[in-house]
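Model the full assembly from the supplied sequences, consistent with the hints where possible.
For the record, the sequence lines run as chains A and B.
Be aware that the first sequence starts at 134, since it is given in this note's numbering, and climbs by one per residue.
Be aware that the second sequence starts at 942, since it is given in this note's numbering, and climbs by one per residue.
One thing to keep in mind: the hints can contain errors.
What the hints assert, rightly or not - Here are some, though not all, of the chain B residues that point toward chain A, as calculated from beta-carbon distances under 8 Å: (1) T972; (2) S1011; (3) E1014; (4) N1060; (5) V1089; (6) T1102; (7) L1105; (8) L1106.
Unchecked claim - As a list, the in silico DMTMM-like pairs of lysine to aspartate or glutamate whose alpha-carbon atoms are at most 25 Å apart: (9) A:K468 x A:D370; (10) A:K523 x B:E985; (11) B:K981 x A:E524; (12) A:K150 x A:D385; (13) B:K1031 x A:D316; (14) A:K184 x B:D975; (15) A:K523 x B:D986; (16) A:K364 x A:E240; (17) A:K468 x A:D453.
If you are wondering where the hints come from, they were derived from the structure by calculation, not from laboratory data.
Here a beta-carbon is modelled for each residue, glycine too, at the ideal position from N, C-alpha and C.
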Amino acid sequence: MGQTFAEKILAKKAGRKRVIPGEIVEITPDVALSHDNTAPILGIFKKMGGKKVFNPEMHAIILDHATPAPSTKHAENHRVIRDFVREQGIPYFFDIGRGICHQVLVEEGLALPGEVVLGSDSHTPHAGVMGAFGAGIGRSEMASIWALGNLWLRVPESVKIAVHGELPPWVTAKDLALHVIGDLGADGAIYMSVEWFGELIEALNLSQRAVLSNMTAEMGAKSSYLPPDQKVFDYLDGRAKRAYEPIHPDPDADYTIVKQYDASTIEPMIACPHTVDNVRPLSDIAGTHIDQAFIGTCTNGRLEDLAAAAHVLSDKKIADSTRMIVIPASSQVYKEALRKGYIETFLSAGAVVESPGCGPCMGNHMGVPAVGEVTISSANRNFRGRMGTKESEIYLANPLVVAASAVAGAITHPKDLE
Amino acid sequence: MDGINIIRGRVWKYGDNVNTDVIFPGKYTYTISDPIEMPKYALEDLDPHFADGVQPNDIIVAGTNWGCGSSREQAVTCLKQSGLGAIVAKSFARIYYRNCLNAALPALICPDAVDAIGNGETIEIDVAAGEVHCDAGTFTFQPVPAAVIKIFEAGGLIPYTRKLLDKRRGVE
Ligand code: SF4
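Structure below.
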């Protein structure tokens, strides 16, 4: 019997021929990712008696969650992190404004095929877009990695998701992700490695593929994987920080769940309050009033997403009753969006453009809703209270739908604006 | 596993998919950093009676996917600090499960027991034997993985790492 991607990479990392699901292995990750939570992790590291980190090159520290600092407390938090980075000689540090950690990891050539990324952030499976094994871990676990260099992992069961057909117009990888999450449920892939295959996955560009690896976290998964191909290798050419060796699952690997989807049957999908798996087709809820529209986050804040939103907004204004916030996922995305004129389109339409980072995604700043307000967002989470107040509602959609809804002041299919 | 072998306490019962945003609200994650302060906000958005009413060794009994959402450890710390003895659930979100074990807060997967146990009931858990005793009878659960027991025995990942670091420095 062959092995899944997760089994293969964990066996390799553990120095074993093969491992089986449920087994515990101890491994040393290639990348240990942390963000604004680096300071609290440092507190735990010190409590453990830690002085020098195990390997400074292993760290990727990216400030993104509350950047630029919205309060003195946040600023202090950042200062502690900068001191730590200098003191330990950590080379891969990216200060405020560079962008959201998962996006920056990819742009900087630090998420590499056949490597393991452990991150103290639940969307670390994002790295699966490059064929890396990315898994989220807790703060104490991160501190323990800093100290000892390794951590225990349970070898996960694996899910195979095969997607065929083509996406219809106005339908994106976001809709596919929501469709699959609605089908499998928020616990549909709990502890599992979700491995995506099929002609549609091959056809998607990296930006769209990243939506899938990113949203895999919302099925309860441990990690995700999309087969690295020439598109990935070309992207990494001149960008990869190290030589890498892709790992592919065996064709006869044993998957606990196998799902097939036909992309051509999917329509724009919306995750309704207050869970990501509360998914309905757009046509069911079109007309729902919104107060705010938000384009951004590690899920849908890339150049392609901004292009999609700008396309919908060009020569239009957002509704009087509505605000729109746009936050590019990284400084690279921001620069390109400026060059291509998208930022001007947003400003002309009446939107607010903020500096790269997580923004209001988890309620920190730059556009949190008021009590009773409704937000439509291109993010990955709509839990009660996620954006700051539990008395507000969040709908998740693709960037075309978010932009169209900003124009109409209500949840709207972009084709209805034409 | 001294101290956590037998856990006897009152049950706080909750449903499926309780996420970390309601266990410990995101708005506090960068403003409240002292663990002693955290129990005050535990489950604030789910059960306003919990924070005041929880007694040492009480037990949360929950449905599937307890602790889904963000990786924030405070969602475990706030419960551990409140004196909670254990969480019995049908299933746990992966990171939450790890955070529990690393904090030496027993996280036990026992779907049959969850269905049988009522809110407010007093139950007893034998961690070593892998048994839950409740009004409806006795249920068994998968024991904590052997590789994690050593972390449990050290009292959590922090003391465990400290011990190993000291040992490494000793041999250096
Ligand atoms: S953008 Fe949102 S989901 Fe992504 S890392 Fe930031 S807070 Fe998390």
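Status of the hints after comparison with the structure:
1. T972: Holds, about 6 Å.
2. S1011: holds (5 Å)
3. E1014: Holds: closest Cβ of chain A sits about 5 Å from E1014 (chain B), inside 8 Å.
4. N1060: It is violated, given that the least Cβ distance between N1060 (chain B) and chain A is near 21 Å, above 8 Å.
5. V1089: holds (7 Å)
6. T1102: holds (4 Å)
7. L1105: Nearest chain A Cβ about 6 Å off; hint holds.
8. L1106: holds (5 Å)
9. A:K468 x A:D370: Satisfied, since the Cα-Cα distance of roughly 21 Å is no more than 25 Å.
10. A:K523 x B:E985: Holds: K523 (chain A) and E985 (chain B) sit about 11 Å apart, inside 25 Å.
11. B:K981 x A:E524: holds (20 Å)
12. A:K150 x A:D385: Holds: K150 (chain A) and D385 (chain A) sit about 17 Å apart, inside 25 Å.
13. B:K1031 x A:D316: Holds: K1031 (chain B) and D316 (chain A) sit about 20 Å apart, inside 25 Å.
14. A:K184 x B:D975: The hint holds at about 22 Å.
15. A:K523 x B:D986: holds (8 Å)
16. A:K364 x A:E240: Holds: K364 (chain A) and E240 (chain A) sit about 14 Å apart, inside 25 Å.
17. A:K468 x A:D453: The hint is violated at about 29 Å.
Violated hints, listed in ascending order, are 4 and 17; each of the other numbered hints is respected by the structure.
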